[in-house]
Amino acid sequence: MSNMLDTFMNVEVFAFIGLLVWLYFKPNAPDDNERPDT
Amino acid sequence: MFTNPLLIVALAITGAVAVWGIIDTAGLAAFAAYLVGIQFSSRAWFIMLAVSFMLITSVWLALSRYGGIKLGKDDDEPEFSTVSWLSMLFAAGMGVGLLYWGTAEPLTHYLIISEYEDARASASLALFVTNFHWGLHAWAIYALTGLVIAYFGFRLGCPSLVSAPIIKVFGANRLTRSVGWLSDLLAIVAIAIGLGGSVAMGVFQVKEGVDALFGLQDTGLGLTLGIFVVLCLSYILPLTVDLSRGMAILSNTAMAVAGGLMIYILLFGPTHFVMGGIVQAFGDYLSGAFTHGFRTFTFMDDRVGNWFRSWTLTYMVWWLAWAPFVGVFIARISKGRTIREFICGVMLVPTMFSILWFGVFGGVGFYGILELDASILDVVRDNVSGVTFFVLGHFPLPALTIAAVVVAAFLFIITSVVSAAFVLGMFSTGGDLNPSTRVKLSWGVVLGALGLVMILSGSIDAIKSIIALGALPFVFIVLVLVVCLLKMLKQERLGPS
Numbered sequence: 001m002s003n004m005l006d007t008f009m010n011v012e013v014f015a016f017i018g019l020l021v022w023l024y025f026k027p028n029a030p031d032d033n034e035r036p037d038t
Numbered sequence: 001m002f003t004n005p006l007l008i009v010a011l012a013i014t015g016a017v018a019v020w021g022i023i024d025t026a027g028l029a030a031f032a033a034y035l036v037g038i039q040f041s042s043r044a045w046f047i048m049l050a051v052s053f054m055l056i057t058s059v060w061l062a063l064s065r066y067g068g069i070k071l072g073k074d075d076d077e078p079e080f081s082t083v084s085w086l087s088m089l090f091a092a093g094m095g096v097g098l099l100y101w102g103t104a105e106p107l108t109h110y111l112i113i114s115e116y117e118d119a120r121a122s123a124s125l126a127l128f129v130t131n132f133h134w135g136l137h138a139w140a141i142y143a144l145t146g147l148v149i150a151y152f153g154f155r156l157g158c159p160s161l162v163s164a165p166i167i168k169v170f171g172a173n174r175l176t177r178s179v180g181w182l183s184d185l186l187a188i189v190a191i192a193i194g195l196g197g198s199v200a201m202g203v204f205q206v207k208e209g210v211d212a213l214f215g216l217q218d219t220g221l222g223l224t225l226g227i228f229v230v231l232c233l234s235y236i237l238p239l240t241v242d243l244s245r246g247m248a249i250l251s252n253t254a255m256a257v258a259g260g261l262m263i264y265i266l267l268f269g270p271t272h273f274v275m276g277g278i279v280q281a282f283g284d285y286l287s288g289a290f291t292h293g294f295r296t297f298t299f300m301d302d303r304v305g306n307w308f309r310s311w312t313l314t315y316m317v318w319w320l321a322w323a324p325f326v327g328v329f330i331a332r333i334s335k336g337r338t339i340r341e342f343i344c345g346v347m348l349v350p351t352m353f354s355i356l357w358f359g360v361f362g363g364v365g366f367y368g369i370l371e372l373d374a375s376i377l378d379v380v381r382d383n384v385s386g387v388t389f390f391v392l393g394h395f396p397l398p399a400l401t402i403a404a405v406v407v408a409a410f411l412f413i414i415t416s417v418v419s420a421a422f423v424l425g426m427f428s429t430g431g432d433l434n435p436s437t438r439v440k441l442s443w444g445v446v447l448g449a450l451g452l453v454m455i456l457s458g459s460i461d462a463i464k465s466i467i468a469l470g471a472l473p474f475v476f477i478v479l480v481l482v483v484c485l486l487k488m489l490k491q492e493r494l495g496p497s
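Chains A and B, in that order, are what the protein sequence lines are.
Residues 1 to 38 in my numbering are what the first sequence lists, from first letter to last.
Residues 1 to 497 in my numbering are what the second sequence lists, from first letter to last.
Hint data in this document are derived by calculation from the structure and do not stem from the laboratory.
Quick list of in silico lysine-lysine cross-link-like pairs, BS3-like style, CA-CA up to 30 Å:
1. K73/B <-> K487/B
2. K335/B <-> K490/B
3. K490/B <-> K73/B
4. K73/B <-> K335/B
5. K487/B <-> K335/B
6. K487/B <-> K26/A
7. K26/A <-> K73/B
8. K490/B <-> K26/A
I would like the entire structure built from these sequences, with the hints used as guidance.
In C-alpha cells:
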C-alpha cells in the first residue's frame with residue numbers, strides 16, 4: 001500500500017515536470033503579445 | 001467589505017486551521033506530521049532538485065543577456081540608493097529566526113554529526129550545513145519569486161499577485177483564472193501559517209529572555225501566553241494606522257541591535273577563533289554548497305534520513321512558504337534595478353551576512369564545546385530556545401545583551417506581523433495596494449490565532465510540520481511562476497510574434 005502511494009505521488013511529480021516543459025514550449029496567449037511600454 | 005470570495009475562503013481556511021489547532025493541538029500536529037512525512041519520504045528528491053534548479057536559473061539569468069533588463073520601464077531609476085537597498089535586504093532576511101537559531105542550529109547539527117565524525121570535523125560540517133540552510137539556495141527561492149513579481153508588476157504593469165503572471169502569459173480564460181485563484185489562495189495559506197510559526201518562535205525566545213533577565217524558573221505556559229497577549233496588543237495600533245515609516249524605523253532598530261550584538265560577541269569573544277571559523281566556513285561553503293544542493297542522504301541510515309527531513313527539507317519548504325511574502329517586499333524596493341543587480345543583491349549580500357552571523361554565534365558555541373567544556377550541549381538538548389541567552393550569560397553585561405535580544409526579537413515579530421497582514425490583505429483583495437483596516441485587522445487576528453496554535457503545540461518539531469504542510473503546495477506554484485518568467489523574457493527578447 002505504501003509503495004503504491006509512493007508510486008502515485010512520484011507519478012504526479014513526473015506529470016507535473018512534463019506539464020512545465022509543455023507550458024514552456026507552448027505558444028503564448030495571442031492577446032498577450034504586447035511588448036512593455038519602453 | 002467582505003464580498004471578495006478569495007478573502008472569505010482564505011480567512012475561512014486559515015481560521016479553521018487555527019480553531020482546530022486551539023481545540024486539538026496534538027491532533028493537528030500529528031496530522032501535519034503524518035502528511036508531511038509522506039510528502040518528504042516520496043518527494044525529497046523533487047524538493048532538492050527544484051531548489052537547485054532555482055539556484056541555477058537565478059545564476060543563469062544574472063549572467064545571461066536578460067540580466068540587463070530593467071525591473072520597470074527602460075528609463076526608470078532605482079528608488080533607493082544601493083546602500084539603503086542592501087540594508088533593507090538585510091532586514092528582510094534578518095528575521096527572528098537568525099536570533100533564535102544563531103548558536104542553537106549549528107550546535108544541534110553538531111550533536112548528530114559528532115556521532116559519525118571526529119568532534120572538530122563535526123563543528124566544521126555543522127557550520128557548513130547551517131550556512132547551506134540560510135544561504136544561496138534559500139535566497140534563490142526569494143530572488144526568483146521576487147523577480148517574477150517585480151518583472152510582471154513594474155515592467156508589464158500587472159497587479160502584484162501570484163496569479164498575475166499565470167493569467168498574463170497563458171491568457172485570461174476560465175482555466176487560467178481558476179489556477180490563478182488557487183495559486184493566490186495557496187500563497188495566502190502558506191504565508192499565514194509560516195508567519196504563525198515565526199510568531200511562536202519569537203514568543204518562545206522572548207519568554208526565555210525574560211526568564212534569564214529576572215532569574216525566573218518554571219514559569220511554564222503562563223508567562224508565554226502573557227508575552228503573546230502583549231505582542232498581540234502591540235501590533236493592533238500599527239495595523240489600524242499607516243505607519244509605514246514607523247515600521248521601517250522599528251525594523252531598522254531591530255537590525256541595528258542585532259548587528260551590534262554580533263559585533264559585540266565577535267570583539268568580546270574569542271575573536272581569532274571566530275574569525276578563523278568564519279573564513280573556513282566561507283571556503284567550505286564556496287566549495288561545497290552547489291553539490292550539497294543535490295544531496296538527498298538516500299544511502300544513509302534512518303537517523304540521518306530523519307535529520308535531513310526535519311532540517312534541510314523543512315528549511316527549503318519554509319523558505320517557499322515565506323517566498324511570496326518576502327518576494328513582494330524585495331520586489332517593492334527594487335523598482336528600477338536590472339535583473340542582474342537584483343539577483344546579485346538579493347542572493348549574495350544576505351548569504352554573506354548569514355555566514356558572518358552563524359560564524360560568530362556558532363563559532364562562540366563551538367569554542368565553548370571544543371576549548372572549554374561542553375555544558376552548552378546540555379542546553380541545546382534540553383531547551384533550544386534558551387541557547388542564545390546561555391551564550392550571552394558568559395559575556396560581560398549579560399543583563400544588557402539579553403534585554404537587547406528580547407527587544408530585537410519583539411520588534412522583529414511586530415514588524416513581520418504588520419507587514420504580513422498588509423501582504424495578505426493585498427493578495428486577498430485582488431492586489432489592492434491599500435487594503436482596508438478591517439481586512440488587515442482580520443489578518444492580524446488570524447495570524448495571532450495561528451501563532452497561538454503553534455505556541456500551544458509547545459514543540460518546535462510540531463511547528464515545523466504545520467508550516468511545511470501549509471507550504472508544500474507552493475513548490476509547484478513557484479515552478480510555474482518561473483516558467484511564466486522565462487517565457488515572457490524570451491518573448492521580450494524576440495519581440496511580438
